[in-house]
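There are 2 protein chains.
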Amino acid sequence: MRMGTQAVAAVIAGSAVATILFFGSLKDGNAQTQARARYLPEYTADGQLLLPKNFHEWVYVGSPLTPNALNGGQAGFPEFHNVYIEPGSYEIYKKTGEFPEGTIFFKELQLTLPQENPDGSRTEASGRGYFPGKWNGADVTVKDSKRFADTNGWGYFNFNHHEPKAAMAKVKAKDECAYCHIANAKKDEVWTQFYPLLDNKDAR
Amino acid sequence: MRMGTQAVAAVIAGSAVATILFFGSLKDGNAQTQARARYLPEYTADGQLLLPKNFHEWVYVGSPLTPNALNGGQAGFPEFHNVYIEPGSYEIYKKTGEFPEGTIFFKELQLTLPQENPDGSRTEASGRGYFPGKWNGADVTVKDSKRFADTNGWGYFNFNHHEPKAAMAKVKAKDECAYCHIANAKKDEVWTQFYPLLDNKDAR
Numbered sequence: 001m002r003m004g005t006q007a008v009a010a011v012i013a014g015s016a017v018a019t020i021l022f023f024g025s026l027k028d029g030n031a032q033t034q035a036r037a038r039y040l041p042e043y044t045a046d047g048q049l050l051l052p053k054n055f056h057e058w059v060y061v062g063s064p065l066t067p068n069a070l071n072g073g074q075a076g077f078p079e080f081h082n083v084y085i086e087p088g089s090y091e092i093y094k095k096t097g098e099f100p101e102g103t104i105f106f107k108e109l110q111l112t113l114p115q116e117n118p119d120g121s122r123t124e125a126s127g128r129g130y131f132p133g134k135w136n137g138a139d140v141t142v143k144d145s146k147r148f149a150d151t152n153g154w155g156y157f158n159f160n161h162h163e164p165k166a167a168m169a170k171v172k173a174k175d176e177c178a179y180c181h182i183a184n185a186k187k188d189e190v191w192t193q194f195y196p197l198l199d200n201k202d203a204r
Numbered sequence: 001m002r003m004g005t006q007a008v009a010a011v012i013a014g015s016a017v018a019t020i021l022f023f024g025s026l027k028d029g030n031a032q033t034q035a036r037a038r039y040l041p042e043y044t045a046d047g048q049l050l051l052p053k054n055f056h057e058w059v060y061v062g063s064p065l066t067p068n069a070l071n072g073g074q075a076g077f078p079e080f081h082n083v084y085i086e087p088g089s090y091e092i093y094k095k096t097g098e099f100p101e102g103t104i105f106f107k108e109l110q111l112t113l114p115q116e117n118p119d120g121s122r123t124e125a126s127g128r129g130y131f132p133g134k135w136n137g138a139d140v141t142v143k144d145s146k147r148f149a150d151t152n153g154w155g156y157f158n159f160n161h162h163e164p165k166a167a168m169a170k171v172k173a174k175d176e177c178a179y180c181h182i183a184n185a186k187k188d189e190v191w192t193q194f195y196p197l198l199d200n201k202d203a204r
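If you read the sequences in order, they're chains A and B.
If you read the first sequence in UniProt numbering, its first letter stands for residue 1, the second for the next number, and so on.
If you read the second sequence in UniProt numbering, its first letter stands for residue 1, the second for the next number, and so on.
Note that these hints are calculated values from the structure, not bench results.
From the three backbone atoms N, C-alpha and C, an ideal C-beta is built for every residue, glycine too.
Some hints could be false.
[As the list claims (entries may be wrong)] Within a straight-line C-alpha distance of at most 16 angstroms, the following computed EDC-like cross-link-like pairs (lysine to aspartate or glutamate) qualify: (1) B:Lys94 to A:Glu124; (2) A:Lys186 to B:Glu124; (3) A:Lys187 to A:Asp46; (4) B:Lys186 to A:Glu124; (5) B:Lys134 to A:Glu57; (6) B:Lys94 to B:Asp199; (7) A:Lys134 to B:Glu124; (8) A:Lys94 to B:Glu124.
[Said to hold, decoys possible] Sample of chain B residues at the chain A side, in silico, Cβ under 7 angstroms: (9) Pro64; (10) Thr66; (11) Leu70; (12) Ala125; (13) Ser126.
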């Protein structure tokens with residue numbers, strides 16, 4: 001009976017919390033912001049990272065582009081790098097200025113539409129340039145200071161550089177990904193120099 | 001007294017709805033998807049569109065890029081066009097395949113970092129290409145078949161092609177924006193040919 005009472009109390013408490021969230025979201029009469037629970041990294045028993053769910057609805061931060069045609073046909077990433085941060089982690093980052101444990105960045109790779117010019121560009125109604133085409137795999141980074149202590153607190157994962165994306169991935173060795181982030185990324189192994197949403201508090 | 005009772009009933013009903021939303025969001029034990037209320041367009045008394053709120057947390061769909069250097073220094077849009085769809089409208093689109101009334105697309109313009117080469121590109125650790133820099137204004141489209149009947153049901157707005165973005169904007173004449181979308185965009189004046197998230201149900 002005591003458990004039953006606790007369960008009822010939990011439902012009532014949950015209901016009260018949810019009511020606050022719900023009405024909080026409607027305060028402007030035109031809802032859009034709702035408190036979001038975090039999505040945290042999920043691993044297999046042997047430590048592989050599962051492909052994060054629902055990343056297309058995460059917070060987008062920017063798309064560096066290094067086409068093959070400008071890199072001797074041998075670009076490390078011949079695609080748009082569409083980079084997202086997990087929204088619950090972004091909420092914390094906005095307040096603290098630090099990426100919390102469990103932060104996930106998702107870099108979806110997206111090929112450009114076929115080239116018409118030697119520089120890889122083509123012409124569409126809006127002009128000559130580069131236009132997004134097919135998705136082409138993904139890379140993911142996860143912040144976990146204990147699990148990835150050997151790479152300064154971030155783990156790096158390749159979910160294929162082609163479609164379909166892998167369902168799970170093993171962490172990469174330091175000399176495959178982490179070294180470059182450690183050497184060149186502006187803040188805590190994240191390329192905030194390309195992402196004003198993460199770099200410029202005044203611009204948000 | 002009767003009003004008081006209704007208010008209490010409303011709170012209880014709201015609480016029940018919110019509880020469903022709240023627990024629904026936790027069904028996988030690792031929450032991320034929550035039912036989202038739609039954010040609908042807001043207008044001034046004289047029909048200007050207010051700058052949409054919170055667009056950086058909307059659903060990103062793609063970034064066509066037409067740099068000045070590849071367009072004789074006269075690109076119509078010399079920036080990354082980072083395009084977002086309002087999330088509540090996207091939820092409906094996923095189910096129906098049609099953009100509902102009130103759909104908003106937000107195109108944030110983002111300059112590339114300063115060029116080092118005649119094609120506008122520069123070299124960073126990941127290779128030679130184009131890297132996102134400062135934001136540079138925004139264009140917005142809204143679907144409203146009655147309000148924008150003259151432009152086939154979509155209104156087009158320019159919130160400056162520089163920062164800061166305008167707080168509100170008047171609808172543009174048909175020959176300034178709509179004509180090009182009507183002539184060239186793949187689906188209902190939206191450039192779904194560049195956005196697999198909106199174009200390819202199998203790829204989602």
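For each hint given before, does the structure comply? Return the numbers of the non-compliant ones in rising order. 1, 3, 5, 7, 8
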